[in-house]
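Protein chains in written order, with numbering that gives the first Met the number 0: chain D, 0 to 156; chain A, 0 to 614.
Read the hints as simulated data drawn from the structure, not as lab findings.
Note that the coordinates shown come from a computational prediction; the quantities given were computed from them, not determined experimentally.
Quick reminder that beta carbons are idealized off the backbone N, C-alpha and C, glycines included.
Hints may contain errors.
Claimed, not checked - Per label pair, the in silico range of CB-to-CB distance:
| id | chain 1 | residue 1 | chain 2 | residue 2 | range |
| --- | --- | --- | --- | --- | --- |
| 1 | A | Gly155 | D | Glu105 | 23 to 29 Å |
| 2 | D | Pro48 | A | Lys200 | 26 to 32 Å |
| 3 | D | Gln51 | A | Leu428 | 23 to 29 Å |
| 4 | A | Asn609 | D | Gln51 | 55 to 61 Å |
| 5 | D | Gly107 | A | Asn575 | 27 to 33 Å |
| 6 | D | Pro48 | A | Lys406 | 36 to 42 Å |
| 7 | A | Lys52 | D | Lys69 | 57 to 63 Å |
| 8 | D | Gln51 | A | Ser168 | 53 to 59 Å |
Take a look at the letters that make up each chain.
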Amino acid sequence: MRKLEVDKILEKNGWSKNKIVGILQDIQDSYSYLPEDILIYISEKLNIPLSQIYSISTFYRAFSLKPKGKYRIKVCLGTACHVRGGYMIAEFLKNKFGILPGETTEDGLFSFDTVNCLGACAIGPIVVINEKYYGQMDVRKTEKIIKGLENEKNKQF
Amino acid sequence: MKKINSFEELEKLRKKLKGIKDKEKIIISVCMETGCIAAGSEEIYRELRKEIKKVKNKEIKVIKTGCHGFSEVDPAIVIYPEKIFYIRLSPNDVKEIIEKTIKKGEIVERLTYKDEKGQIIPYLDQIPFYKKQKRLVLSLNGLIDPENIEDYIYYGGYTALSKVLSGMSPEEVIEEIKKSGLRGRGGGGFPTGKKWEYCRKAEGYPKYVICNADEGDPGAFMDRSVIEGNPHSVIEGMIIGAYAIGSNEGYVYIRHEYPLALKRLKIAIEQAREYGFLGENILGSGFSFDIDIVRGGGAFVCGESTALMASIEGKVGEPRAKYIHTVEKGLYEKPTCLNNVETWANVPFIINNGWEKFAEIGTDTSKGTKIFSLVGKVKNTGLVEVPMGITLREIIFDIGGGIKENKKFKGVQTGGPSGGVIPEKYLDLPVDFDRLNEVGSMMGSGGMIVMDEDTCMVDVARYFLNFLKEESCGKCVPCREGINQMLEILNRITQGKGKKEDIEILKEISDFMQKASLCALGTTAPNPVLTTITYFYDEYINHIEQKKCSAGVCKDLIEYFVNTEKCTGCTLCAKNCPVNAIEGERKKIHKINKEKCIKCGICFTICKFNAIERK
């Protein structure tokens, strides 16, 4: 287990029960999801019932209990993106990968989420792939980018 | 930097900065906020820095700033002092800008803004987008480097704090804010001065000050832009507020989806601490205050004050009934004063200029300015700050330049999921808190989404309900179940399975939710549905009786097909179909495979011969 790393995160948050949301955020940042063994460890260390940690991890959208893919695609579904057709991109990705928002493709390459507004509405529809923002997107441009990422993977093998 | 220990030392520093900065004759400001970076401003900034080095003139400076607001034309730069505005730049344009504008003072015409008639408008202030704006809160956006506290100090930053700590009693500060007429910019519009007064008078210690930066309304990004462009204005407002109510501890609850705002806020708080504006004995006044940042977890309901406080306490973000107000028992059951980002950022202006200067702007009941994010189907999208009382028409048509592709205006959505859609007949409505409420919408935090003839109003109502279904915390029945039931009905209507009695049932559920929900998320959730029923009744009837979506949005009610007379067999549509649903060879008539088609409409927009039709 990665006790040392987790201890560092707990230390940074002052081993404080009140900071549990922040602690889980740091864990999510480090591992791209909340691994079960770590949640159990935190529950014991901070004396918080595991059920409470579970309820927090499923309440907030920022957390995921499953590992994310190598390329994490987020499609913005804010109102401005919606009226400009952002939902089509989400629909397209659902079809393309055969997965629902929140899931990861079997090969672990792509995960796909929808978000409720990234606050960059002026350049919507927006797609974010691993922290990089793409503005004024449509289905065609999204497809091109994904093809590029797939090719990159093929090159590596 | 050594900590500033007194008011005199602050003025001394300002004088010193003046000596340095006054030597900078030309400032090239590159907008570097989330939207502009996505548009490519980072590359422009790098190229400018590289090229300016070669010029070897210390009087020219390149800085990265917050948003200038006109997002439509990003990436853009402003060259001070003349405010020459170059738009839609690529890194290749940089050399020409340096050669012509910086070295010779000439305008590069091809990079300037042009109006509808093609007239060149090289200066920022003369562009219609800026003419009707009044920038108080955003006055320094685009002029200062948000990651450098000295820029803020140079332009008069922390003067208000110094004024308050050196000669005003907390009661005097509260009186000043009360007289100014400032109302909460987060949406509710509660008088800020009154809130501070209640909190000051409430019993209990410690008292807390919170800045609500959990800007969750879809289509709104004012708070993000204020923090990314001028974080110190928010911090200064918070310190003044804390002094007024008697608090020594503050929190900023910031949205998880705003990584850049978070980064800049962290830097700003650290710098404010280093310079002695936060921490023990601020400016030698004896008053102490510090701010901690709490990151949100991506839950919309946490924008509600009691849910937000629960979240800071490390709990699930569920609201509670507010029979005891948070100014009396808020965070950790202690008196808490929570205000929104924009509200805090207004405070330094009021203190610096006096309440009269603030109160002379606006209407009888709504004073000052309001920042809106003008987005959707409008030509000039971006961030605008306007005086209260301006009409919707002025915002959308004069500042926003009208509807994209000259289509027909249908409605404007304000107030996020708690607001409503306002139709054309109210375009001349003056924008203030009360007038927007009167027509069934609300000010909200400032999202303004313009909709045209291609927007389906039933779909808009469905969209917001779908949003709220995911975001309702589920604690109270009216909200949890009411939203679900309404969404189910709206889904049915958009699928062509609506019944005539559905509209009455929607109204009935709305009424119940408005009366019985626990928090504002539930009581205001019916607004998008009710306003669209009131103002766009025909569209509902069209969906229910004729099974038609005139805007062509509801997928189950539309179909795409090839007009065999117009199709030339150019293969463009087939090549661009993302799901390969179009069959046909070169120079032969194409056909859409209905089973594969996802109705994305790409073929419809891309065909040069208008051979794809929608029914």
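Tested hints:
For the hinted restraint 23 to 29 Å between Gly155/A and Glu105/D, the CB-CB distance of approximately 58 Å leaves it violated. For Pro48/D and Lys200/A, the Cβ-Cβ distance of about 39 Å falls outside the hinted range of 26 to 32 Å, so the restraint is violated. Our hint of 23 to 29 Å for Gln51/D and Leu428/A is violated, since their Cβ atoms are close to 48 Å apart. Checked against the hint of 55 to 61 Å, the pair Asn609/A and Gln51/D passes, with Cβ atoms roughly 60 Å apart.
Hint check: Gly107/D to Asn575/A, Cβ distance near 30 Å, so the stated range 27 to 33 Å holds. The given range of 36 to 42 Å is broken by Pro48/D and Lys406/A, whose C-beta atoms sit roughly 56 Å from each other. Distance hint check: the CB atoms of Lys52/A and Lys69/D are about 38 Å apart, inconsistent with the given range 57 to 63 Å. Checked against the hint of 53 to 59 Å, the pair Gln51/D and Ser168/A fails, with Cβ atoms roughly 44 Å apart.
In this structure, the earlier hints numbered 1, 2, 3, 6, 7, 8 are contradicted, and the remaining ones agree with it.
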